[in-house]
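Residue numbers (my numbering), protein chains in the order written: chain A, -19 to 97; chain B, 16 to 132.
Please note that the accuracy of each hint is not assured.
Computed footprint of chain A on chain B, listed as stretches where at least three residues anywhere in the stretch have a Cβ under 8 Å from a Cβ of chain A [to be verified]:
id	segment
1	91 to 101
2	118 to 132
The calculated EDC-like cross-link candidates involving lysine to aspartate or glutamate, where the alpha carbons are at most 16 Å apart (straight line), are [to be verified]:
id	chain 1	residue 1	chain 2	residue 2
3	B	Lys72	B	Glu83
4	A	Lys(-17)	B	Glu83
5	A	Lys50	A	Glu39
6	B	Lys86	B	Glu43
7	A	Lys18	B	Glu120
Label pairs and their in silico Cβ distance ranges [what the hints assert, rightly or not]:
id	chain 1	residue 1	chain 2	residue 2	range
8	A	Val64	B	Leu54	46 to 52 Å
9	A	Arg8	B	Lys72	20 to 26 Å
10	B	Gly31	A	Lys50	47 to 53 Å
Treat the hints as calculated values from the structure; they're not laboratory data.
By construction, the Cβ of each residue, glycine as well, lies at the ideal position given by its N, Cα and C atoms.
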Amino acid sequence: AQKVTQAQTEISVVEKEDVTLDCVYETRDTTYYLFWYKQPPSGELVFLIRRNSFDEQNEISGRYSWNFQKSTSSFNFTITASQVVDSAVYFCALSEANTGTASKLTFGTGTRLQVTL
Amino acid sequence: DTGVSQNPRHKITKRGQNVTFRCDPISEHNRLYWYRQTLGQGPEFLTYFQNEAQLEKSRLLSDRFSAERPKGSFSTLEIQRTEQGDSAMYLCASSSAVGQLFSYEQYFGPGTRLTVT
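When you get a sec, could you build the whole thing from the sequences and use the hints?
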């Protein structure tokens, strides 16, 4: 069975600080997909990034970066120079490949990020 | 290009009543998913469709729950004889598993918040 653990329930930082959100996953599949979603106070889940299990390259998109390490089953998310608008709940999710395509998502319990001035 | 829409956005019902929610996916997407999210938790998978076929159902989906996607476009989720434990946010997502539109990521709607009194 697949499982996603986000051990950090809540993180508070001051604007412009860097912050890393941790994600550890468990799966028996050799092919799987990892995702990060953002859920702002409005409630709608917003897709941020997807990584494939066969591609361990880290990725940077503006102030966001992701560190995927299969050896430790981790897929951590760093926000550089955080801003108040980054305040939200962030979810890490896993999808095991099924007939060659991703199907249901298994989510972690989320990390609430509070960025203050 | 419209996103995933859900109706109603909020529903308050008395215990024992039946409720039905509707989800309209992104128009080119052939896969549609239902999730349930309770306070402080990540979304939990309920069921998903590829076109009109319901391909997987979670054990969370008791006999009181039924989902349909009769023409492969919009979907409905019905809960019969609601219980207080059904109070949650019901999320719908869609993705494409076809040709050039193929995407592993799921795009979520704003959700329907159900309160059972």
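Quiz item: Which earlier hints turn out false for this structure, listed by number in ascending order?
Solution: 1, 4 and 8
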